[in-house]
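Chains L and C supply the protein sequences, listed in that same order. For the first sequence, our numbering gives the first residue as 341, with consecutive numbering after it. For the second sequence, our numbering gives the first residue as 341, with consecutive numbering after it.
Among the hints, erroneous ones may be present.
[As the list claims (entries may be wrong)] Derived lysine-lysine pairs resembling DSSO-like cross-links, with alpha carbons at most 30 Å apart:
id: 1; chain 1: C; residue 1: K370; chain 2: C; residue 2: K394
id: 2; chain 1: L; residue 1: K519; chain 2: C; residue 2: K394
id: 3; chain 1: L; residue 1: K394; chain 2: L; residue 2: K517
id: 4; chain 1: C; residue 1: K519; chain 2: C; residue 2: K581
id: 5; chain 1: C; residue 1: K567; chain 2: L; residue 2: K519
id: 6; chain 1: L; residue 1: K519; chain 2: C; residue 2: K370
id: 7; chain 1: C; residue 1: K514; chain 2: L; residue 2: K394
id: 8; chain 1: L; residue 1: K413; chain 2: C; residue 2: K517
id: 9; chain 1: L; residue 1: K517; chain 2: C; residue 2: K377
id: 10; chain 1: C; residue 1: K519; chain 2: L; residue 2: K413
id: 11; chain 1: L; residue 1: K370; chain 2: C; residue 2: K514
id: 12; chain 1: C; residue 1: K519; chain 2: C; residue 2: K394
id: 13; chain 1: L; residue 1: K517; chain 2: C; residue 2: K581
id: 14; chain 1: L; residue 1: K394; chain 2: C; residue 2: K519
id: 15; chain 1: L; residue 1: K504; chain 2: L; residue 2: K517
id: 16; chain 1: C; residue 1: K377; chain 2: C; residue 2: K413
id: 17; chain 1: C; residue 1: K394; chain 2: L; residue 2: K517
id: 18; chain 1: L; residue 1: K571; chain 2: L; residue 2: K494
id: 19; chain 1: L; residue 1: K571; chain 2: L; residue 2: K581
id: 20; chain 1: L; residue 1: K519; chain 2: C; residue 2: K514
Simulated from the structure, these hints should not be mistaken for lab results. Only a predicted model underlies this, so the values are computations on that prediction, with no experimental measurement involved.
Take a look at the letters that make up each chain.
Number of protein chains: 2
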Amino acid sequence: MRNIMIDIEYDGTNYNGWQMQINGITIQQKIMEAVKKLTGEDVTINGSGRTDAKVHARGQVANFYSTSKIPIKRFPIAINHFLPDDITILEAREVPIDFHARYWAQGKIYSYQVNHQTQRSALLRNYSYHFPYQLELDKMEKAAGLLIGTHDFKGFMSSGSSVKSTVRSIYAIKIEKNKNSIWMTFEGSGFLYNMVRIMVGTLLEVGNGRRSMEAVQEALKLGNREKAGHKAPPQGLFLDKVFYPLTH
Amino acid sequence: MRNIMIDIEYDGTNYNGWQMQINGITIQQKIMEAVKKLTGEDVTINGSGRTDAKVHARGQVANFYSTSKIPIKRFPIAINHFLPDDITILEAREVPIDFHARYWAQGKIYSYQVNHQTQRSALLRNYSYHFPYQLELDKMEKAAGLLIGTHDFKGFMSSGSSVKSTVRSIYAIKIEKNKNSIWMTFEGSGFLYNMVRIMVGTLLEVGNGRRSMEAVQEALKLGNREKAGHKAPPQGLFLDKVFYPLTH
Numbered sequence: 341m342r343n344i345m346i347d348i349e350y351d352g353t354n355y356n357g358w359q360m361q362i363n364g365i366t367i368q369q370k371i372m373e374a375v376k377k378l379t380g381e382d383v384t385i386n387g388s389g390r391t392d393a394k395v396h397a398r399g400q401v402a403n404f405y406s407t408s409k410i411p412i413k414r415f416p417i418a419i420n421h422f423l424p425d426d427i428t429i430l431e432a433r434e435v436p437i438d439f440h441a442r443y444w445a446q447g448k449i450y451s452y453q454v455n456h457q458t459q460r461s462a463l464l465r466n467y468s469y470h471f472p473y474q475l476e477l478d479k480m481e482k483a484a485g486l487l488i489g490t491h492d493f494k495g496f497m498s499s500g501s502s503v504k505s506t507v508r509s510i511y512a513i514k515i516e517k518n519k520n521s522i523w524m525t526f527e528g529s530g531f532l533y534n535m536v537r538i539m540v541g542t543l544l545e546v547g548n549g550r551r552s553m554e555a556v557q558e559a560l561k562l563g564n565r566e567k568a569g570h571k572a573p574p575q576g577l578f579l580d581k582v583f584y585p586l587t588h
Numbered sequence: 341m342r343n344i345m346i347d348i349e350y351d352g353t354n355y356n357g358w359q360m361q362i363n364g365i366t367i368q369q370k371i372m373e374a375v376k377k378l379t380g381e382d383v384t385i386n387g388s389g390r391t392d393a394k395v396h397a398r399g400q401v402a403n404f405y406s407t408s409k410i411p412i413k414r415f416p417i418a419i420n421h422f423l424p425d426d427i428t429i430l431e432a433r434e435v436p437i438d439f440h441a442r443y444w445a446q447g448k449i450y451s452y453q454v455n456h457q458t459q460r461s462a463l464l465r466n467y468s469y470h471f472p473y474q475l476e477l478d479k480m481e482k483a484a485g486l487l488i489g490t491h492d493f494k495g496f497m498s499s500g501s502s503v504k505s506t507v508r509s510i511y512a513i514k515i516e517k518n519k520n521s522i523w524m525t526f527e528g529s530g531f532l533y534n535m536v537r538i539m540v541g542t543l544l545e546v547g548n549g550r551r552s553m554e555a556v557q558e559a560l561k562l563g564n565r566e567k568a569g570h571k572a573p574p575q576g577l578f579l580d581k582v583f584y585p586l587t588h
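Using the sequences and the accompanying hints, generate a full structural model.
What follows is the structure, given as structure tokens:
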């Protein structure tokens, strides 16, 4: 039995998210079906975590067990042959048998694209959040500074997930302007349900002057969801990288 | 009567190109229909030039005549209301009555995205040419140097268009690597049918060692289509900007 770790890129526009479910087509399901067509095996694809409908990935990671004899270097192109063109296996590696993409994950990088032009963008419609309002980047960076570190992020989580602890560590937040887009990058130990999208909505409201620095501090201190900003829409979000001990 | 000049962004993926035709939906037609819904007028939308099926634009320019009293600043959002979300009017200006988007154009900038990663990209599938082969950028830049200037580009044109002269001037070609993409930008007085895509195919073949610098020189000197490279596919191409006397 081999344990295969795969790096995955996908355009989430036409999917109901990562996680297999009864209604709607998901990315996990498409990969499972492709592996079945390739090796004949019914495998479980363990993702590093879920992504919501319309969210994209440039570096999702998953693993699965296989008895196939296909050389590891041939796996990506062989699986891609059976995948739709909005899902791609970028790389495959053979890893220790106890490796699990979710339990072994040590950290993640997400990025988020805000389209900051007056009229909505035709080309970026599925890959960004159209926010045509005034933004002061220095205010956003100051508020981002408050989020960095180890905090209880209960105020930055959507209900509907059950987690033991709502404490997470954010290592870095980068905010970069590039033509008509503002890219925000978040690196952390892990993220609660919708946490990145709520942080993005909060930083945009601060940048626009609609929410104060004090509100952000209170959202962190009191764990009060109403003190944080709105949840930015899914299509601007990209899962860029998942860190593991063996990749360091 | 007012003459309205518009800047247009579009995602060409789902269109049969710019130019109205009997079969297939085109961008020109969609804008004509939107203006009709907005002002009630049957207008002709004069584009700066055609773009082929699947080709994109970040700065296509067109003009049309209207008796509408809508304030010029309101035109973009008002037309966008009646357009599908993969076509956007970015700006509108009132221009002299004899201005024509095609006849007044003095130059254009096109850019082309090559996706240079081993496996095809899920996210860039509609916006790039997947070219996973080895490339030497310095060779490509050298060959690009041969194309800059005023030449007879007969060897870099697809048949099927009738033009009086095949002489054009290329002012600049930029080649930039950005993560897994190589962006090529072409600025010139004008471009023959498929000329940018044939220049891209030629530069890629030179970069890959499949075509010599001498072949490029001969293609220019002899006007021989076979000496130039293959025509790169449409989905990597973007019409970025059209220059006019009044915008300088």
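Going through the earlier hints one by one, which of them does the structure break, listed in rising order? 5, 7, 9, 11 and 15
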